[in-house]
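Number of protein chains: 2
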Amino acid sequence: MQNPVTVEVTRGNLVESRHRGLGVVVDGDGKVVFSFGDVDAGVFPRSACKAMQALPLMESGAADAYGFGNKELAFSCASHSGEDAHAAMAASMLAKAGRDVSALECGAHWASEQSVLIHQARTIDKPSALHNNCSGKHSGFVCACVHSGTELRGYVNYEHPLQAEIRGIMENLTGAVLGEDNCGTDGCSIPTYAVPLKGLAHGFAKMLTGNGLAPERAKASRRLMEACMAEPFYVAGTNRACTKLMEVAPGKIFAKTGAEGVFVAALPDRGLAMAVKCEDGTTRAAEAMIFALIARYLENGGEVQTKLMSMANRSMKNWNGIHVGDVRVTDAMFS
Amino acid sequence: MQNPVTVEVTRGNLVESRHRGLGVVVDGDGKVVFSFGDVDAGVFPRSACKAMQALPLMESGAADAYGFGNKELAFSCASHSGEDAHAAMAASMLAKAGRDVSALECGAHWASEQSVLIHQARTIDKPSALHNNCSGKHSGFVCACVHSGTELRGYVNYEHPLQAEIRGIMENLTGAVLGEDNCGTDGCSIPTYAVPLKGLAHGFAKMLTGNGLAPERAKASRRLMEACMAEPFYVAGTNRACTKLMEVAPGKIFAKTGAEGVFVAALPDRGLAMAVKCEDGTTRAAEAMIFALIARYLENGGEVQTKLMSMANRSMKNWNGIHVGDVRVTDAMFS
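Protein sequence lines, in the order shown, are assigned to chains A and B.
The first sequence begins at 1331 in the working numbering and counts up one residue at a time.
The second sequence begins at 1331 in the working numbering and counts up one residue at a time.
One thing to keep in mind: the hints can contain errors.
Chain copies aren't distinguished; within one or between two, either way the pair holds.
Distance condition first, Cα-Cα at most 20 Å in a straight line; then the derived EDC-like pairs of lysine to aspartate or glutamate [stated by the list, open to error]:
(1) Lys1647 to Glu1435
(2) Lys1549 to Glu1389
(3) Lys1456 to Glu1443
(4) Lys1647 to Glu1510
(5) Lys1637 to Asp1656
(6) Lys1426 to Asp1394
(7) Lys1426 to Glu1389
(8) Lys1574 to Asp1414
(9) Lys1549 to Asp1357
(10) Lys1574 to Glu1633
(11) Lys1582 to Glu1629
Think of the hints as simulated: they come from the structure by calculation, not from any bench.
Here the structure is a predicted model, which is why all the values come from computation and not from measurement.
Given only the sequences and the hints, what does the whole structure look like? Please build it.
Set out below in structure tokens:
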């Protein structure tokens, strides 16, 4: 199945570049409400499924034992920008479990956001694992292992009990069978599993509604999503898409991006979850798709819908502030 | 016409993202030697055609009057990284014409290369127009206007005599009719014109071979391309694709990238020029395509061909240095 062109980038009166994509909206029972493209194809969710990967932190009782509130829980689901407050939060979570940065196995990298990188360059010699965009998830991993007495070293490996537990959770949520055949290694070294986009969306619909989940998992899932919606800065950072999406309508939109053009969202008031993937892996297109797809399920003509569509169809300016073109979603998003 | 998938990005055993593209190889007479995708479609060359836009600097006599050598000529065709040597070169060229940074109309921006941005953040308060990736081209524009006595202000505008001259040059080279209908505004505020990819490649084949060009234009064209091949650092910068391509086989490969996934190249020993465009505008795919397309026309099994194919099909590592997947070109590049 051919994935349709879902996002166009224009210059002058012409289309300069085109992005193809797939997307799906699912309810708590797994019913597909809307879709475009090949949504049965396997897609690596990458960081979009971090809220699923944070469930052991909740279900083990570690989050409660360490007194984690919304900020810590949101941060355990984060792909953050490595701002000062993010690095401090990672250090603080690790300290609750009596550990420090040396426990993290995610590696270190400079910030990818320009303004954050400039600040980092001026204030630190080099970044540590605390600045890694995945340090919140990894701090949560460390806390879960320490609390349950699991050997910490190697917690990123496929064979480690924590990753086996996450694999089971993701099978339960997505309905996909996960194993070495559909496993890859993520940027932060943990396993990532390709699942049909439909299954990924269904997993988030289950987390949102609790449908088909054990009561403890349903409660833990809802608490993580509510924490993200309550503290969106700790899920991403200043001017980031996830943060902006959750700030635009507090408590009404859960959203999380993943590398290579993935985005998931859930709408508590509608009981729906959705997932998109840009075929070519480009973030600008994944963002436009999820903005427009969420807008489709909001009050028609309402303030939030209008705001989201202005984020989906946005003007591009050059270094002199001159309008040079637009990013815009196509009819494939609305048919 | 559907553009084929030309580049795949893998993770584990699976393809995670796919890029579609178009590409064409043309000789000096305009004969298409090889192509894939819709090469008659209009494509904005963006910065890939900077050597064409530098012809007024040569043909006006300004380059000789100001004593410009290979470094200055290469820099007038550059999309550079804003390294210290680049900013200094822009200032030096402007000084030859009795002007300074205030004459530049390209706007200012921080470097996009991470290592350069970190250095800039630590050494300057904010970037000036000298650091703009197009400051070499714009310094050349300023020199051409000052030398010929043309009013300088507004040199970026469609109506300005310099842009009208460039429009005529590009029509002569590409065979396309250029006007407001296929005109957009580039990142540095000058007009950019969508031309069929085939015409763009033919333009560079004419510049390389001189076929069909007035002697003065043929000579100026060849001199600019030779300057780029002689001083590849001044065309882009440390670790940049254009620079690496021209360093791998000195004097045998001319190459220039453009925004939104465009790349052109020319091979003096073969009398061939080529152009590629990634449909979705992604640089990683444009680079893989041009590396593989150039390799196709080099000595089979030779050192340079092997090196270029290892650049086209490259391993991706994560923050811990673990191999997570590959960028690879598909059979569409070789059929």
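Consistency of the hints with the structure:
For a Cα distance limit of 20 Å, the shortest separation of lysine 1647 from glutamate 1435 across copies, 15 Å, qualifies, whereas the shortest one inside one copy, 40 Å, does not. When the C-alpha separation of lysine 1549 and glutamate 1389 is checked against a cutoff of 20 Å, the pair qualifies only within one copy, where the shortest distance is 9 Å, while the shortest distance between copies is 74 Å. Taking CA atoms no more than 20 Å apart as the test, lysine 1456 paired with glutamate 1443 passes in both settings, with 16 Å inside one copy and 16 Å between copies. For the identical chains of this complex, lysine 1647 and glutamate 1510 are inter-copy neighbours only, at 19 Å across copies versus 45 Å inside a copy, given an alpha-carbon limit of 20 Å.
Within a single copy, lysine 1637 and aspartate 1656 get their C-alpha atoms as close as 16 Å, which meets the 20 Å cut-off; across copies the closest is 38 Å, which misses it. In this assembly of identical chains, lysine 1426 and aspartate 1394 lie within 20 Å of each other by CA distance solely inside one copy; the values are 11 Å within and 69 Å between copies. Proximity of lysine 1426 to glutamate 1389 under the C-alpha cut-off of 20 Å is restricted to the intra-copy arrangement: shortest distance 17 Å within a copy versus 70 Å between copies. Taking the closest pair of Cα atoms, lysine 1574 and aspartate 1414 come within 20 Å of each other only inside a single copy of the chain (19 Å); across copies the shortest separation is 36 Å, beyond that limit.
For the identical chains of this complex, lysine 1549 and aspartate 1357 are intra-copy neighbours only, at 18 Å inside a copy versus 67 Å across copies, given an alpha-carbon limit of 20 Å. Taking the closest pair of Cα atoms, lysine 1574 and glutamate 1633 come within 20 Å of each other only inside a single copy of the chain (15 Å); across copies the shortest separation is 50 Å, beyond that limit. In this homomeric assembly, lysine 1582 and glutamate 1629 come within 20 Å of each other (Cα to Cα) only inside a single copy, at 12 Å, whereas the closest approach across copies is 61 Å.
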